[in-house]
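Chains as they are written, first to last, in the working numbering: chain A, 1 to 255; chain B, 1 to 255; chain C, 1 to 255; chain D, 1 to 255.
Keep in mind that a hint or two might mislead.
Which copy is meant is left open, so a pair is good if it fits within one copy or across any two.
The calculated lysine-lysine pairs, modelled on DSBU-like cross-linking and capped at a C-alpha distance of 35 Å, are [said to hold, decoys possible]:
#1 LYS230 with LYS176
#2 LYS213 with LYS230
#3 LYS77 with LYS149
#4 LYS70 with LYS222
#5 LYS176 with LYS236
These are computed hints drawn from the structure, not numbers from a lab.
Take a look at the letters that make up each chain.
Number of protein chains: 4
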Amino acid sequence: MEEIEVHELKKVELNKPVMVEGLPGVGNVGKLVAEHMIQELNAEKIVEIYSRHFPPQVLVNGDGTVRLCKIEIYAWKSKELGDLLIVNGDQQSVTNEGHYLISERLLDIAQQHDVSRIYTLGGYGIGQLVEKQTVLGSVNEVGLVDEMKGYGVEFRDEEPGGSIVGASGLLLGLGKMRGIPAVCLLGLTSGYLVDPKSAQAVLKILCRALNLKSVIDMQDLKDRAEEMEKVIERLKEMEEAQVPRRREEELGYIR
Amino acid sequence: MEEIEVHELKKVELNKPVMVEGLPGVGNVGKLVAEHMIQELNAEKIVEIYSRHFPPQVLVNGDGTVRLCKIEIYAWKSKELGDLLIVNGDQQSVTNEGHYLISERLLDIAQQHDVSRIYTLGGYGIGQLVEKQTVLGSVNEVGLVDEMKGYGVEFRDEEPGGSIVGASGLLLGLGKMRGIPAVCLLGLTSGYLVDPKSAQAVLKILCRALNLKSVIDMQDLKDRAEEMEKVIERLKEMEEAQVPRRREEELGYIR
Amino acid sequence: MEEIEVHELKKVELNKPVMVEGLPGVGNVGKLVAEHMIQELNAEKIVEIYSRHFPPQVLVNGDGTVRLCKIEIYAWKSKELGDLLIVNGDQQSVTNEGHYLISERLLDIAQQHDVSRIYTLGGYGIGQLVEKQTVLGSVNEVGLVDEMKGYGVEFRDEEPGGSIVGASGLLLGLGKMRGIPAVCLLGLTSGYLVDPKSAQAVLKILCRALNLKSVIDMQDLKDRAEEMEKVIERLKEMEEAQVPRRREEELGYIR
Amino acid sequence: MEEIEVHELKKVELNKPVMVEGLPGVGNVGKLVAEHMIQELNAEKIVEIYSRHFPPQVLVNGDGTVRLCKIEIYAWKSKELGDLLIVNGDQQSVTNEGHYLISERLLDIAQQHDVSRIYTLGGYGIGQLVEKQTVLGSVNEVGLVDEMKGYGVEFRDEEPGGSIVGASGLLLGLGKMRGIPAVCLLGLTSGYLVDPKSAQAVLKILCRALNLKSVIDMQDLKDRAEEMEKVIERLKEMEEAQVPRRREEELGYIR
Chain A
1 MEEIEVHELK
11 KVELNKPVMV
21 EGLPGVGNVG
31 KLVAEHMIQE
41 LNAEKIVEIY
51 SRHFPPQVLV
61 NGDGTVRLCK
71 IEIYAWKSKE
81 LGDLLIVNGD
91 QQSVTNEGHY
101 LISERLLDIA
111 QQHDVSRIYT
121 LGGYGIGQLV
131 EKQTVLGSVN
141 EVGLVDEMKG
151 YGVEFRDEEP
161 GGSIVGASGL
171 LLGLGKMRGI
181 PAVCLLGLTS
191 GYLVDPKSAQ
201 AVLKILCRAL
211 NLKSVIDMQD
221 LKDRAEEMEK
231 VIERLKEMEE
241 AQVPRRREEE
251 LGYIR
Chain B
1 MEEIEVHELK
11 KVELNKPVMV
21 EGLPGVGNVG
31 KLVAEHMIQE
41 LNAEKIVEIY
51 SRHFPPQVLV
61 NGDGTVRLCK
71 IEIYAWKSKE
81 LGDLLIVNGD
91 QQSVTNEGHY
101 LISERLLDIA
111 QQHDVSRIYT
121 LGGYGIGQLV
131 EKQTVLGSVN
141 EVGLVDEMKG
151 YGVEFRDEEP
161 GGSIVGASGL
171 LLGLGKMRGI
181 PAVCLLGLTS
191 GYLVDPKSAQ
201 AVLKILCRAL
211 NLKSVIDMQD
221 LKDRAEEMEK
231 VIERLKEMEE
241 AQVPRRREEE
251 LGYIR
Chain C
1 MEEIEVHELK
11 KVELNKPVMV
21 EGLPGVGNVG
31 KLVAEHMIQE
41 LNAEKIVEIY
51 SRHFPPQVLV
61 NGDGTVRLCK
71 IEIYAWKSKE
81 LGDLLIVNGD
91 QQSVTNEGHY
101 LISERLLDIA
111 QQHDVSRIYT
121 LGGYGIGQLV
131 EKQTVLGSVN
141 EVGLVDEMKG
151 YGVEFRDEEP
161 GGSIVGASGL
171 LLGLGKMRGI
181 PAVCLLGLTS
191 GYLVDPKSAQ
201 AVLKILCRAL
211 NLKSVIDMQD
221 LKDRAEEMEK
231 VIERLKEMEE
241 AQVPRRREEE
251 LGYIR
Chain D
1 MEEIEVHELK
11 KVELNKPVMV
21 EGLPGVGNVG
31 KLVAEHMIQE
41 LNAEKIVEIY
51 SRHFPPQVLV
61 NGDGTVRLCK
71 IEIYAWKSKE
81 LGDLLIVNGD
91 QQSVTNEGHY
101 LISERLLDIA
111 QQHDVSRIYT
121 LGGYGIGQLV
131 EKQTVLGSVN
141 EVGLVDEMKG
151 YGVEFRDEEP
161 GGSIVGASGL
171 LLGLGKMRGI
181 PAVCLLGLTS
191 GYLVDPKSAQ
201 AVLKILCRAL
211 NLKSVIDMQD
221 LKDRAEEMEK
231 VIERLKEMEE
241 AQVPRRREEE
251 LGYIR
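Chain A with its partners taken away, still in its complex shape:
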């Protein structure tokens, strides 16, 4: 196995597709969206990427078989709505340089297919429960800001601020060097739990931007979000039951 090994499973001809990246990360927001899109669009897997920059392990499937950690790329063709490449995966790189190398390889593939734009998806952890679902944007061409605002994306002077770590950030930065327009959409999330509600918010924006509302049903994500809401409700109840005692402790701590 090479350092990064790209297995092309199927040759497809795409017409200036949009690439959507949703690899694991904060709240698994990006991955949830990418998986949901692949399922709803019944997109076809065309590429698998293996690398020794992924963790040195295999993942166990439900049927007792195992698989190496990998990134997968799916294709979806539509004359009316435009073609898509959707990037999904088990893991991001665990080495510093692997992050750069794998993002470069994804951009190679994007260029092979003459990609017209890249959307990278992720979560932005705020360390507390999210009151109002919000999607923050970053771009690699200043001209994209207004278009994104039109879809409901927020741009804040201060936030996402700092940095965007991993493929979701590097595809923008390295993509700019190659002249590929790219947008990063980060759904606000607590950062503590898998967050299908934040994924829903991100997907809504993406459906507006890509005009996919008619072909992507949200029900599945809604169901998962509701399940998660119940989990959070239970956690809250458990927490409230402990509040009197915890208050004391906190006072003790601050004193």
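Here the structure of chain A is known, so what remains is to put chains B, C and D in place on it, guided by the hints.
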């Protein structure tokens, strides 16, 4: 010394051997089984593998000499029962990429000998004492599940679940790419102690699968398991003697 | 992208320039000075350096665009005062070898421009508020010590002592191998906060050494230092308000 | 600078010299011995080794100059007593593979000079003050054990046991592959402090083995050991003064 250096100590002609891997890991289950098999079968060392992906240290032998960390491969020939290659070693890789590279090298050797199947052995830590000895299975070809169940291997939807780290996992994942059928057998173990009892359970399954019952005596592992039982018994007594006080502490902690 | 990628934005002819390095570090002292000089001198960006030894992330700008972590080199030409190359950047290497490789690359560029001397700038954290602004010096040619003392640089037997980590140190050590005279100026700083006051002290020395007093106004750094003074004042007040209790605690701890 | 860069400062013709390695480590025992030998024998520096596997920093000398971390090799010629190569240095590798690569390079140099034997020196930390100065041995040829016992080296079944980390271990392990006899001498030491007393014990053995008693005066190490004894005495007094209170605390902890 090259990045990974393979010293072939002896050329042997084997007939479609089965490879058994037992490198250090959780509860040292895999290593105990591999060592026991080598000893019982009086297998012959044919290969040593050195690498700068092993820890930068030497190990001290009982006679005052030292040795570099290494992986060893032993051969055992039997017209009636089939040939074996047994992989044993001091250490696994300490670098991320080393895990991949060393597993690839082991597969190169497997292919040189036209290996018919690989068994990788290890422990599955559950964080508490094991009530009932159990061996969990994973495979790299779905067709192997039923055969393994026939030998008493358990396949659980949820477990081993997650991931199998190191050579025991990668030999399955990377082996699949080369078309080598492979099975991972993980003995349930607490994860806190070296576990010859779990090794016994794994070895029993393996003896059934490889028809080795007649040539491998378990007494040695049984003796070691009994010694370990006594150690655990003493640990339990010590723990129970402290329970009243510890309960108080825990209350104090939770309060 | 190569391991380290140098983008030459503009060709300039410089006359034996002095290189000034101010990358991020303790108290951000070096970076503050380099940024201030670039701004005051209106220096021109001529080089950008990208590397996979920087963190795998992009930084978000105020306008919603992002940028890869990079090091920038600015040029300033002056027949009367001498030419300058100023090195500024978002980050230092996050890998061990990257520190060496990036410093070597900076020296390559220094040699291309026939640099006559290098000043590296940084902070020296002392773990408490600084009473008297002090700049400690280290050199890579013993003959430079007296000249530096003449500008008000302190050389202490014991301090900076130990080591100078990162580009500020390596440019001296590796520069010596190439025969480039180099001086490291470290402003004393608490190490807890960004320290424009320490940056002012370092810049004063540098202006003396490079005869730049007439062209670099300090007001901006003074303003930032005053703001920071207020922050520190508030922190002190908060601390003093807690002192009675904290004293008790400390006694409790020492007891 | 190459990954590992060997600067040969002077060509010397040596007659089957013995190599003595004393790099930094536990209690700095090995380094103290090597430095003392270089000083007493007035050995001549012939090689400097630089590497990006050393920490990315420079060390500050007393005169305000800096130096890159390096390993140095000194030569000493004596027709009567035999020639020596003494390896001393600021640091060991900070990367896993660097340990292997640097040890290999040292062995290359050993072979260039047709070294007849290698002694590697270090400390063996026991986590408490050492009652009786002891030097533990390990070898890479079993035939060396008896010779070493004759010089007063102890070989214990259990100790040093486990492993010898870094160059002191790898020179034995990798040296064996090249057929160079090698001995590791580890002075028992607490592991908490620089230990010139343990260094003295190691040096005594080495002087017997190399017949150097007539040319190496121990006074300097004795003086340093006495100073350190006073430090330890003061630490003990401080500790005893606190004992009543600490006992209480400990009881409080165990309770």
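Hints, verified against the model:
no.: 1; hint: LYS230 with LYS176; result: neither (42 Å within a copy, 41 Å between copies)
no.: 2; hint: LYS213 with LYS230; result: within (27 Å within a copy, 53 Å between copies)
no.: 3; hint: LYS77 with LYS149; result: within (27 Å within a copy, 43 Å between copies)
no.: 4; hint: LYS70 with LYS222; result: within (27 Å within a copy, 41 Å between copies)
no.: 5; hint: LYS176 with LYS236; result: neither (43 Å within a copy, 45 Å between copies)
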